[in-house]
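Fit chains B, C, D and E to the known structure of chain A by using the hints.
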Amino acid sequence: MDIATVLGIFIAFAALFGPIIAQGTLELYIDALSILIVFVGAFAATLASYTLSDMINLFSVTKNAFFTKPVDESRIIDSMVDLGEKARREGILALEREMGRIDDPFMKKAVQLAVDGNEPEVIENVMANEIDNLVERHKTGKSMYDALASYGPAYGMAATVIGLIAMLEALDDPANLGAGMALALITTFYGSLLANAIAIPLSTKLERRSKIEVNIKNMILFGVLSIHSGDNPRVTRDKLETFVAPKFRKGNN
Amino acid sequence: MDIATVLGIFIAFAALFGPIIAQGTLELYIDALSILIVFVGAFAATLASYTLSDMINLFSVTKNAFFTKPVDESRIIDSMVDLGEKARREGILALEREMGRIDDPFMKKAVQLAVDGNEPEVIENVMANEIDNLVERHKTGKSMYDALASYGPAYGMAATVIGLIAMLEALDDPANLGAGMALALITTFYGSLLANAIAIPLSTKLERRSKIEVNIKNMILFGVLSIHSGDNPRVTRDKLETFVAPKFRKGNN
Amino acid sequence: MDIATVLGIFIAFAALFGPIIAQGTLELYIDALSILIVFVGAFAATLASYTLSDMINLFSVTKNAFFTKPVDESRIIDSMVDLGEKARREGILALEREMGRIDDPFMKKAVQLAVDGNEPEVIENVMANEIDNLVERHKTGKSMYDALASYGPAYGMAATVIGLIAMLEALDDPANLGAGMALALITTFYGSLLANAIAIPLSTKLERRSKIEVNIKNMILFGVLSIHSGDNPRVTRDKLETFVAPKFRKGNN
Amino acid sequence: MDIATVLGIFIAFAALFGPIIAQGTLELYIDALSILIVFVGAFAATLASYTLSDMINLFSVTKNAFFTKPVDESRIIDSMVDLGEKARREGILALEREMGRIDDPFMKKAVQLAVDGNEPEVIENVMANEIDNLVERHKTGKSMYDALASYGPAYGMAATVIGLIAMLEALDDPANLGAGMALALITTFYGSLLANAIAIPLSTKLERRSKIEVNIKNMILFGVLSIHSGDNPRVTRDKLETFVAPKFRKGNN
Amino acid sequence: MDIATVLGIFIAFAALFGPIIAQGTLELYIDALSILIVFVGAFAATLASYTLSDMINLFSVTKNAFFTKPVDESRIIDSMVDLGEKARREGILALEREMGRIDDPFMKKAVQLAVDGNEPEVIENVMANEIDNLVERHKTGKSMYDALASYGPAYGMAATVIGLIAMLEALDDPANLGAGMALALITTFYGSLLANAIAIPLSTKLERRSKIEVNIKNMILFGVLSIHSGDNPRVTRDKLETFVAPKFRKGNN
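Chains as they are written, first to last, in my numbering: chain A, 1 to 253; chain B, 1001 to 1253; chain C, 2001 to 2253; chain D, 3001 to 3253; chain E, 4001 to 4253.
These aren't lab readings, by the way, just hints derived from the structure by calculation.
Source: prediction; values computed, not measured.
Where hints are given, some of them may not hold.
Simulated pairs of lysine to aspartate or glutamate, EDC-like, Cα-Cα distance not exceeding 16 Å [said to hold, decoys possible]:
hint, chain 1, residue 1, chain 2, residue 2
1, C, K2211, B, E1136
2, E, K4139, A, E207
3, D, K3247, C, D2054
4, E, K4139, E, D4054
5, C, K2063, C, E2213
Same shape as in the complex, but just chain A (with noise of 0.2 Å):
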């Protein structure tokens, strides 16, 4: 799990409710209409930007926020270095026998190409497409949240000026102007949550975990082909190591 969209999303709401709650006025700023106006009009609004595929696709995309197991990219270094020597010794062929235990699915289809006597450039370039399509479905979700994040303030601020005019309407009973104006901002406040403290962290979320899941498919990519090139083990690592920071490299540079 994530904890740092939880914990963030939590904290970033407790920071403004909080005080509300401890003033005792959290019903002032409570009202379904305004939540619906405007949580309802921002999403059919993404609907109708999307398709409906893309809307359904969004749930699962949203999981990727909130859950992700953690990848020990130093692991699959000191696999592929492995798998760098035995090929070294044995010949790409021999990887065959060790399809069974790679477990990544990106690495196994990469390292089946390799031992198919693909070329190294339809290696790569089999294995760069599947990676430029992968980001290319990645940005359709954080879009949405963009979307989502855009939409929000504007159908906030769309509802603060339908409550303003019905406000200016009645400006002869100022009993109700404050009312009738706090009601109005709300909305304001409503479109704002959305996008500060759901939508716009959401979409910077799917945009980091992308970059983090796309930066180990470039490294595991990186390795196939300096293994297939017959690099010295050596200097597969050494290449690898360039893809994470130097704290977490066991190479000697």
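Relative to chain A, chains B, C, D and E alone:
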């Protein structure tokens, strides 16, 4: 029909106007002159920004946001793998006899170029150029809705300023103050509506549709080049399936 | 003449000023000093941002937004296919005799380079450089209108703040309050007008015109290179028609 | 001297302050403390954003926005065509004797590299790198003015909020209300002034100057490579004249 | 220590708070709860946007904005030219003996790869990858401050809306009006402070530091490749000095 576009725009309008209608104050929010100013102003500025023929095209482009027959990518992949098997068994020229069974015009053109004995560079060159120019035409449509999305609120705001000036000049008549300001704000509301319930959703939808269409065209081009180079049909499938999400793949990885 | 530019700007002004004139309150919205501040300020800031000769060029650049003779892309393709047939039959040097019938200076230069016996790399290099530098010059014109579009509202807003300060200092005279604030707001209105009814439409139009012109130049370059490489005229047509929308194509795909 | 910068900034200030001075209310708009807050705040934030030596360089960079000797591109082309003729007649080494007559240091360095017998790849590599690094240095200067243009209004706004808070706390003294709010707004005005009359124009001017300078350097590099490859001087002229607008060309196309 | 960061942030705070302290009204601008809402909200949203380990890294990344030992580029160039002379006289393997005297780990790794007999493509590949991944890690740090710079004002504004709603609901008590609105505005002020006096300067500084560091690494890589290709040391110096401003060059051009 793209149900998401229709449903999304309908719900977005409902979210904003539903409560108004329920409260029976709809007439406060309908002002024919204000609608005219904002919508005519924004469309006129868009017309000035583009050409007459862009403007005429806009209607047929807009259809893409409402009507699209979904494309079955798996079926395209299957049929390309079939072509690949045929080409491998009987030679690339044998595809001439298959031309009648290809209904996608883009695939037809690419296969024709291959059958005509063109070099792969020529095929890639011509078809990639075709895609680039398609993207360019799509971008023009999208950018026109972007223009509307920016001119809408701008003309709404300008009209609000016009209304505020009229109201301020008549400040000695406080009875009208509220109504004057309410009227002034209505154009801001219309501008936001044009942008957030119509133009931005359509712009985003057109961009999304363009990406989906271009992805398929790139996949087809990739496939024809793979067939042309004599790839094993299994490799062709591997290459093509990088263009679709893992759950839609039939290949063994 | 580009009727869209003239009509668009005219209607945009009409949408904003029509209702004002109809209500007979035009004099509330005309303030010579305010016009001076906003327009002179925005133009001066644009002058400071560019060079004197950019400023002088702006007028001839602006003509492109108002006057353009439409180019018939089909005719260009036809004439290039003709040249291609001639070159295939009689050799590339035979095009020397056709030079007089080519009136597009860009096509003339490209064909001349081919006739002079230059390598395709040289032709591509020189002509692509020509296009790049044309794009660069177009961009300067466009960016000057972008500058106006940003300085307009900025100087309008700055003048409004000046007016508000004057009004606030005279707050003890409530009779003037409304009129003072109305006057202050007028510059905001002018700034928006300069941006949304003049500068942004012209900037977008110039960009659009540039894209259309560059697309044609790229098509011509593509065509000359195709002719030079001895392509079958049918292939030349196929290549060139990727630059135009499907409905304008004569080729059999 | 770049008269456009001086004149533009002067007129921009005149457009805003002229009417104020004419009305004899200048003292309403001059508040030393407010000037200090906005300008010192914005410069301090810019200092924190860059390095001490960037800050010191800023003054010499700024000179580029005010003082530039115009470069005569036609003369550069002529002199390069001359060099090309000499090199064609007497060999590239003959250019050694021309070195004293070349005063542009960039051209000198490029010709020297050619005379020293370096491969064209080396010349292109070194000189293109020179240009890249020049662009990078230019960008730093420009981005510092962009920072000022963003911090100016930000500190103006922050100071306005400070002023509003002070005013609101003293709301029981309505006599001061107007004056307090007027004073608060002055910093917004200064922030806008710093951005729109100084920082954005200088940023844009520096970018424009950079483009002009880089265009000439690219032209010179293109020319030296053309000479080095033994191009016909007429071809060299054709290549070089793609860098200037058609009206400045002497070649026959 | 990066005196510009410390000094800049200190002066920026002094510019805003100096006048407040001088007027003895500091207590109007300090509200613990408001500080908590804005800072905790913005940090929590940033936490949700990134990962726990990004958040932990942020502190060590921030050090780069405050502490950096300036790098003497001239000395690096001199030492690389020395290495180049040695390699030319005694062969590239002779650099093995120099390894102890190289203290920059990046240069050490590049020279080691050269000494180990790797092809220049491998050296470039590995080291350029190292730079790319360094840039990527730098970007994450910078983007976290960008997130703070955007969440700061957003949470400040959201809290202001919360405060306004509370104030408007209590509109019947005009005595509290001013104080309530003042309190509401304080969070806007804090949000602006977090963005403009802390987060944006640090983000820009980190980006600037990254560029400087990457420029030096690119220079070193360029130098090692030049040495490896057996360039004349004078050419090596020419190549390397393109990375520094002209005034820091020792070469004769």
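Each hint, compared with the structure:
{"no.": "1", "hint": "K2211(C) x E1136(B)", "verdict": "holds, 9 Å"}
{"no.": "2", "hint": "K4139(E) x E207(A)", "verdict": "holds, 13 Å"}
{"no.": "3", "hint": "K3247(D) x D2054(C)", "verdict": "holds, 14 Å"}
{"no.": "4", "hint": "K4139(E) x D4054(E)", "verdict": "holds, 11 Å"}
{"no.": "5", "hint": "K2063(C) x E2213(C)", "verdict": "holds, 15 Å"}
Checked against the numbered hints above, the structure breaks none of them.
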